[in-house]
Amino acid sequence: MTEIPEAFSFSHTKQPSGGVHDGVVTDVLCPFCGCLCDDIKVTVTAGTITGVENACTLGAQKFLADTGRLPKPIRRDEDGWHEISYDEAIEYCVEILKNANRPLLYGWSSSLTEAQAIGVHIAELIGGVIDSTSTVCHGPSILAIQEVGHPGCTLGQVKNRADVIVYWGANPTDAHPRHMSRYSTYVDAYFMHNSFRDRKIIVVDVRRTATADIADEFLQITPGGDYALASALRAIVRGRDDVVPAEVSGISKVQMMQVAEMLKNAKFGAVFFGLGVAMTRGKYKNVRNAIELVDELNRFTKCTITAMRGHWNVYGSNEVFTWISGYPYGIDYSRGIAYYNPGETTSADLLARREVDAAVIVGSDVGAHFPRACCEHLASIPTVLIDPYPSATTHLSTVQIPTAVNGIDAEPGTAYRMDGIPLQTRQVLPCTTHFTDYEIFSRIYARLKEEKGA
Amino acid sequence: MMRVTLTMKPRSNPFLPIEAEQIIPENFIGSRQVMVYEGNKEHSLLNICVIRRDGNVNTPENVSLILRGDWSRVKRVGEYMSSGTIVVEGDIGMHCGNFMRAGKIEIRGNADAWLGREMRGGVIVCHGDAGDYCGSGYRGEKRGMRGGSIEVMGNVGEFAAEYLTGGSVAVHGNAGCFAGVEMRGGYLTIDGDAILPAANMVAGECVVKGRVLEMVPTFERVGEENGMIVYHGDIANRGKGRLIVRSTSRTE
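For the record, the sequence lines run as chains A and B.
Each residue of the first sequence is one higher than the one before, starting from 6 at the first, in my numbering.
Each residue of the second sequence is one higher than the one before, starting from 1057 at the first, in my numbering.
The hints are simulated quantities; they were obtained by calculation from the structure and are not laboratory data.
Treat the hints loosely; a few may be bogus.
Heads up, incomplete: computed chain B residues facing chain A, CB under 7 Å, no partners named [unchecked claim]:
#1 1071
#2 1229
#3 1232
#4 1234
#5 1243
#6 1272
#7 1292
These numbers come from a predicted model, not from an experiment.
Every residue, glycine too, gets a C-beta built ideally from N, C-alpha and C.
Turn these sequences into a full structure, and let the hints steer you where they fit.
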């Protein structure tokens, strides 16, 4: 059970509790993607970040282009946006949540696990639905894992042992730029003599990406052909290539046979799959088929499979939600007990069906990523956005509460890497202007308990 | 015979889902109060609909429930139903006939997703279209529908009859992607077209009388029956099911 603090007082200025005004902070955890690179070196000069070492372009920009933050909470009325205090913003949030019939708490992947835990308790208290960005990301991968299990491992195992790497429906060069240099293609392996030259890279994608350009084998499949290709490879691996047609999903049988042979002859194979598998036609069935291919390969060699989780602490949200409610995302507490059914209790579905009558969006940009019908409904109901920066979702909201940025000026906490490893964040800058999402949710939870008499 | 007519009242927020698993024939014998959840609030059924009883009986086999008005947002009607009949005059919400064991549900409009989920017995007839996961299992469940029959006069969505283990599902229209995926037994018949039917099946029989617009490549052609092509599979899954199709885009 997560320890929940007493309500913070928001009537005073936040006291600085860490970070440096001048100096260098080492071993910083990157706050961008699911790789959670933990070797970042940040230089701070006069309270401003002036240098970042080891990070990729995306991660470095997160530190260096940290501008445009909302200075204070804002509320919209008929005259436009007005600044309000943290206390007023939190009271508004409590007011819309306490009597809502179908409240939704969505986002959470930019939050620390400590804040995520409080979110689950709030959802349970108000009989709401709590959902993370998994719902528009690797949610189908979790469904597949629930069906057939997960032959996985840590990225450290891949780094030190894997001699055949498969990127399927994923383009780490653009989306996870340091994945290949820290964990797979280019990194030195403890158990290989000449890892860079000995490794074989296989890429499966619908288009020739920058990752495909460095592949030893590139399988350019037809869109939506992932399931059929995985089935064909499974049949070939188990020696039933006689049933496989001459071409499947645009790939010749000859190439499929070559790839199957490479995989079977690997000393240690590692498959990484992205949303090109999980979010195309077939969704979780594609992932399930890929997992069953890996199962089949384990009759010949060691092989593992890992999802390329994108959003920073999205894995943490699945962990936290599961250890409290039993389910990883899309959890409906409307009847007092946890119920889970993606497609029914997930955010996009709830919003598209216009079920939700109050929403809190946490560190996520629904306005930029959800279908139009969902955004239209969100704009028609009381919506609170808890996010450091203005975004497309700001325009759908009635109140926005800015927070400190986790991994930059928020107090240290826990986040999970894409392979399920929990890591501690570091605080780079002192913060005197913004409360953390953990502090804000602690306050909201305490006030809701008072209102509900819980 | 007792006929109970439930007429939906106008609602201030018609989009709010109602969970009404207590709407089964046996609960309308006597004076038992039937409760439903509207969002996260529990109400008496009387708050959302007008109830009219004609006749009086002692056994649920002789109870017929008539659902009138807009029931398209009402979930779980007929859950664990074991006798009697339910007639829905319009559309019905998700999970109608979940775990149903006996009796009959007739839907004169469309049914939302998860119609007859993990059904054990009884009959469901849907005169319109059915949504995704018609006759399927719950998330992570290894066995879906195990008995009884579902007949859909229109089309069905994706993943129809997923994990079908027993009983029969008949679709007179088209099926979306992955009808009969992971089949463990039972019979699935699709009169219209289908995409990637019976993928990863282990056992059972899937018949597609229309066109198979895309076919899983790991089925083994074993012959012809009554002018239709018979395949065994899914070989990728060491399956021994039967997929019978009239025509397919697959080139051997």
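Hint validation: residue 1229/B versus chain A, beta carbon distance must be below 7 Å. Holds or violated? 20 Å, violated
Taking the closest Cβ pair, is residue 1243/B under 7 Å from chain A? 21 Å, violated
Can the hint on residue 1272/B be confirmed by a CB-to-CB distance to chain A that is less than 7 Å? 5 Å, holds
Restraint outcome when residue 1071/B is required to lie within 7 Å of chain A by C-beta distance: 4 Å, holds
Interface hint check: residue 1232/B, Cβ to nearest Cβ on chain A, cutoff 7 Å. Holds or violated? 10 Å, violated
When the nearest CB of chain A is found for residue 1234/B, is that gap smaller than 7 Å? Hint holds; residue 1234/B Cβ to chain A Cβ min 6 Å, cut 7 Å.
Is the hint on residue 1292/B kept, meaning its closest Cβ partner in chain A is under 7 Å away? At about 4 Å, which falls below the 7 Å cut-off, the nearest Cβ of chain A leaves the hint on residue 1292/B intact, so it holds.
In summary, the numbered hints that this structure violates are 2, 3, 5.
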